[in-house]
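Chemist: Since the structure of chain A is provided, determine the placement of chain B on it from the hints.
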Amino acid sequence: MTATESPPIPSPSRPGPVIRMESVHKTFGSGDLAVHALRGADLAIDPGQFVVVLGPSGSGKTTLINLIGGIEPATSGRIVVHEVDVTALEERGLTDYRRAQVGFVFQFFNLIPTLTARENVSLVGELVGADGAAAARTLEQVGLGDKADRFPSSLSGGEQQRVAIARALVKRPTVLLLDEPTGSLDLETGRQVLGVLHSAARSFGSTVLLVTHNSAIARMADRVVHLHSGRVVEDRLQPVPLDASELQW
Amino acid sequence: MSDLTRALWRDLLRRPGQVLSVVVVVALGVALFASSFDAFLNLTASYEQIYREQRLADLTAIGGPSEEIAATGGTVAGVEATAVRTVADVPLEFRPGHTLLGRAIGMPPDGRPAVNGLIIVDGETLDPARSDAVVVERRTAEHWGLGPGDAVRIATPAGPQDLQVIGIAVSPEYLWLARSRQELLVLPDDFGVIFAPEALVGGLAADARRSEALFRLAEDAPPGALERLEEVVTAAGAVDTFTIDEQPSNAALQEDVSGFAELSVMFPALFLAAAAFATYVMLGRMVAAQQPNIGTLRAFGFTGRAILVRYALIGIVLGSVGGLVGVVGGALLAEVVTRLYTGVLGIPAAVVEARPTTIGAGLATGVFTGFIAAVFPARQASRISPASAMRGPLPPGHGGRSLLERVFPPLGRLPVRWLAAIRGLGRARRRSLATVAGVVMATMLVLVSWGMVDTVQILLEQQFVRIQRNDAVLLVGGRSVAAVGDDVRSESGVAAVEAALIVPVAIVAADGSYSTTLTALQPGSTMHELVGPGGATLAVPTDGLVVGSSLRDLLDLQAGATVGVDVAGIGRVDSVPVVGFVDEPLGTFAYTSLTYAASLAGGGAPSSTDGSDLANALYVRYDPGVDRAVMRSSLSRVEGVGAYVDSRGLYELAQSFMGLFYAFIGVMIVLGGVLAFALIYNTMSANVTERSAELAVLRTLGLSRRAIGGLVTGQNLLLTGVGLVPGLLAGWAMAAVFMASFSSDMFTFDLRVRPTTFLFTALAILVVGALSQIPALRAVSRLDLGRIVRDRSF
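Listed in order, the protein sequences are those of chains A and B.
The first sequence begins at 1 in this note's numbering and counts up by one.
The second sequence begins at 1 in this note's numbering and counts up by one.
Check before you lean on any hint, since a few could be wrong.
Claimed, not checked - Chain A residues, not near chain B, derived (Cβ > 12 Å throughout):
no., residue
1, Ala37
2, Glu72
3, Glu126
What the hints assert, rightly or not - With a cut-off of at most 20 Å between alpha-carbon atoms, the simulated SDA-like pairs for lysine to any residue come out as follows:
no., chain 1, residue 1, chain 2, residue 2
4, A, Lys147, A, Ala133
5, A, Lys147, B, Gly412
6, A, Lys147, B, Gly400
7, A, Lys147, B, Ala509
8, A, Lys147, A, Arg137
Because the hints were derived from the structure by calculation, they are not lab data.
C-beta atoms are modelled at their ideal positions from N, C-alpha and C, and glycine is treated no differently.
Extracted from the complex, chain B is given alone in its bound form:
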């Protein structure tokens, strides 16, 4: 190592706090990148592995002549396997007395379908000799404590039938247990899945079952094979189709995983930009302070290039160290996240890899960050002329009234010490800018995170408090809804009951079709509020449908358009008007009145009935304070109640998922604090180091430590305040983009940020800004006045 390089490093090591802050921020940025990117790759690979091994359908065709559809589709180039099955949503009892609307999926007699296979994790698969044997989906079995040998009761047209559990399985279709794309959040108390012999499922109630043709493409399927297949099966009569990307469980998981992909770009970029700023500030001040030394070296014959290389090297080494720590930490974090996720999802073999590309990219990112940050100060150093050696230290800077004083002249009457603080902001513009930029970035990070919490909380409240105003939904079978409704109404604790029709439908438009649920409500329903765009309450339509806003884009619909509606058990009705749209955070559903549903049942002709005879469900609201478990038990016993869906329980489930979300957001907010701390600390340290003589002189003039601390703190809090406004605006904009990227027909995340969140974010950043000054203020209080005024000037 040359003496010049050694001198530079010694100078650097005299600033351990600043060096550490740069390394920590680089490491955090790289670790965030490496962990989220590798978690994204690991989880994607884990999902793809199980999909490949179990041959998850690339395309599922619902309805129509499934055998024919499968045969026709099977001829499309690239199709590797096809299967036909029946799926029925029927009442199931996993525990005596607890009926839920579960799902029975038809399987070949040997339990080994060509598409959508199962991983048996306990017991065995279906046995051709056992027509009453079933395999239970893992999560369902865990919730109900089922194992081989236990019994499950299923509702058949002939009455309840007991089935024996012979195996527990992980299904690639239900890694995330969802009833449909519209109902991604379901309680295991309300939904469970069994895999039963096809003969059994095919014999279940006709209005509860649908046939499906499944298609798996070969790995080397030609480009466009999926689109071609979709066209062929639609032409062959399929009512609706969904691809592997649209499959509910996979779509939910992909939505989640894509969050990691986005995290791997946005948050690391913030940290690395901050690290670059911190390095830039530190090296910039070093170069300024060492100008005479650099000039002397140049006078001695060192080339500008030699000076440039040495200063640039500092940034590169700092970036490399941060990058190295980051990739190691990131790899460990990625493994933890991957194992956590795959463990929760029950994926037997998680793919966990330390990818050279991620390591390389992480290191390169760290090095690049350091280099970019160092190159400008290094160039500045290389351009210092030998004459600088003769000029002594840099001039103290030009005075002038601050912009604030020019805009608000009365500020000029402030006490002089405050004027000094205000004008000091413009004295080292780049340093001030770096502090402001750091504050902006930290504010963005905190507000984006906090905004996500607000959005989810507000939208959940909207969904489960404003929109879904019922406590339970009872699915009725075997008796008239009116009679069951009377019995339910007479139960103690029931405040109100409304009849409704809830049926699966496919909405067909010129641009495609969309499978969802149609709910027909009583006019003036108090159980489900229809909330339109802008928050207005819509009346229950009597002349058409209102549908979820996502269908505007998905099916290119406008209010007043007409669609075809394929209603399970009724058939296809064309030219149904769409009279409006609803903004519902969860799912994309269709709504109408029971009266209009009656006209649909009549093939579109006006109906003379109020449609109550069509109803198949009851919305129930309880008296305040009743025990929901008791209500569930008593209402489930009412004759004709086929299944019970706990609406409030869903809210609690959603809130329980928020726990993990809060933990994640908490980490992000803490990281935002670390970012702000590191940056403000770095610029503060540079500030105090550079101004040590000035501050010392103020002490000799009689300013107390406290007064000087106040001066420095005021100046920095002022800078923090300057950064807060653009930070809050940019954070809000970024949060909106971020939330929009998560929106789909499954979730609608319009950004909602509470006004108090802006306030608390600002306060949090101000507190961090104040805390980050403590080390610098301690340095101020330790100033060796004698040495400073003896050794140098400014």
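Next up, chain A with everything else stripped away, as it sits in the complex:
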């Protein structure tokens, strides 16, 4: 897929999981210093699911989404996202894959400080050939339409994270990967951000994979995956997820 082509929107009717991990291992270092971050993780996530991955520090949560996002290679195993075998892609293919299929949100927002909120979002929009108004529309959806021309330094932490979410969603990604998105926010701001995230992802039809050590957030998920020592130790559906505003921690 080229930068000018619009990314495919996952069809709700598409059969089978959108993310499939088969016996995925990830080892950092070698010999006595080897660290096994993932030890044969298997996972299948359906389109449009809101999945929260829980686990203590060092359990392999971040590694899991880094592997799915194609920013780190797996040591062994297979990861297929939207029928793309991520583990078989070379550098160029990985760049195209990230551009078309994946949206990332990090704990510390990671906005470009010299670009306004709109420009931060447009930067990604331009990459995928989105129309000029897409950035403004996406910012509206995360409730920042009136602050589109502010620079990150004049936005609060929660607002910056909402810009980061808009930046990830503007290209309408197949999967949205979030690493501790509320880790540096207070409760109220965190709830607002999660609310915005949930509704925006839904409206874009993106599958959400959110990793956190905050178990309270899991209560708004469709599905909760527990990792421990690099293995999936629990994987359960949550029939009645809470609204973000009802969360407490």
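Modeler: Same frame as chain A, but now just chain B:
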């Protein structure tokens, strides 16, 4: 070593490229300083040693009653030795059939003058029993392959006389073989020097010889002795005088050596300033990145002073290492340069010393550079409060539209990635400033060097293509110039011939006198163009003289002033008007028409002749494509042609000297490139290191390596472009100052820079700027996305 210091060094060693670039630039700066300064001192000492040993005259008085002048001058306090001699410029044949206008210098019968001695390097000195024996100057002998036992023919009033070579000598007067201050460039084919018994030289043609009184001052001569001596000999009737500083060979060598002295300041200063910038950038970024760690250390009880000392120490150590490498390299380079020069000049014993003062100054300069560069980041580090430990990493910086966008609002419609590049310039102002400063310095270095090449090339073209439009000058003797001219004109390959008068003169004004050559041309001469200030062509004057522009300052002359003119063989004529000035790159001469020369010959009264009967030389221009060697041979055989001066050969000689000059300039341009590379690389590395998380995030968003490389490259080339404009302007100004410092009555170097040179300099710096990013771009492509987004934020 404390744990804190160890941690700092480990952090530093994680940036080997940046550390190396700082050390290399410091070392280059110190090496340039040490080598050029020591070469200056070595060469000056070498020249002074040979001048002292051979008692080179501190003052030479030309003309007048030389015996009386010597006797009177000898009474001045501080005068150690005096001598009187005759010097004659006469046709010589070092090889049968090849006549040139050489110089015979009178010596005492034993060949051991009290002033202006000789170092015999082959054979022996003059023998009182041998009236036909001569000693030949080393360079002349080398060119003609002469040794003891060979013969030299000299033109005397009684006809040609054969002389026997009994020795070859190095003369302190001719370390640089120059005919005069005006003719520093001469071909050995056109000029040679012999030292002959005074009785022989004194008997040569009267209009070809002059008497000289020579004075050597004692080492402990009282202050002002030279000035006093000059006054006394002038009062005693000397027509002109020149001091040791004005002596042609010494003046040429001093001009050259002074270039080293200037080099030892200007170029090293550029490098050291650049090194200071690079160190400042590197340490500044270290301090910024380590703010939380420093805050933690402060919270633990480390004093601000302890932090300051440790960061300052880094700069000092880097400066010391660069300084050490620099002084060693500089000392070696100075020795090579000194031996190269003294070898070419034939100085038997070169003074080569490793001077503690230079070593000390080099080391101190390196240390000082490192310290100055480190002290500001170190102070910044020492002022970090313990609370910083609690705040985490530095905030990402404030956003805002760039100055460029504010000045050119349409820029705001550029693609966002380009906006990010443009705004990134102002995000780390000091780092951007350091890059721009580095580019300015590198541009200056390259443009100054390249401007020197342009200036010399353009001025040589002006001298030898526009001004001197003849192929040869024939000095005529024994027949009328008109008759010789007819014969020359009839030779195959000769296109045009013009008669001229070429005589040594002294121009005397209220503020002093100046010895030079007066050339009287035919009206409407096509052989020598008189180029006035601003490049206008002047008509050959029929009512006075035009003189070289240097005399404006030297003799405080203005157009319309009158001067006295002492013409060899004619005498003194007062109240000669100076009607204009010529801008000639080489030498300072006087020109007039043959008609006006005739009036000078008549004591200043109007002449009824056209002056052609006064002519003693012929300018000759050849048909295109003729063989100059054949022409030289055939014209030298024409009866009455006393000597042949190859005008085109001088151009070739000048161009051959340019080879060494180009090599030197080439080195400077390469060093300029190294400077630019080191600085841009350093700031680029800091840039990429600091922005690794941001760049990694851009990768995760889907920007390819190429796109990010383009972003980073664009930003840095933009900075390079910003530095180019002031760099070119400052380089031009510095080149003008530099060239002006070389200008004198011997050379006039008005800066001439071709427009293409500005363009090529800019392109060269842009190319170096692009190349210097390669390591940083490789670092971008190697970014470990997973680790960076996992480990930290920005």
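Chemist: Hint by hint, note whether the structure agrees.
Modeler: Going down the list of hints, with the structure as the test:
{"no.": "1", "hint": "Ala37", "result": "10 Å, violated"}
{"no.": "2", "hint": "Glu72", "result": "3 Å, violated"}
{"no.": "3", "hint": "Glu126", "result": "6 Å, violated"}
{"no.": "4", "hint": "Lys147/A / Ala133/A", "result": "15 Å, holds"}
{"no.": "5", "hint": "Lys147/A / Gly412/B", "result": "18 Å, holds"}
{"no.": "6", "hint": "Lys147/A / Gly400/B", "result": "14 Å, holds"}
{"no.": "7", "hint": "Lys147/A / Ala509/B", "result": "82 Å, violated"}
{"no.": "8", "hint": "Lys147/A / Arg137/A", "result": "12 Å, holds"}
Hints 1, 2, 3, 7 from the list above are not met by this structure, while the remaining hints are.
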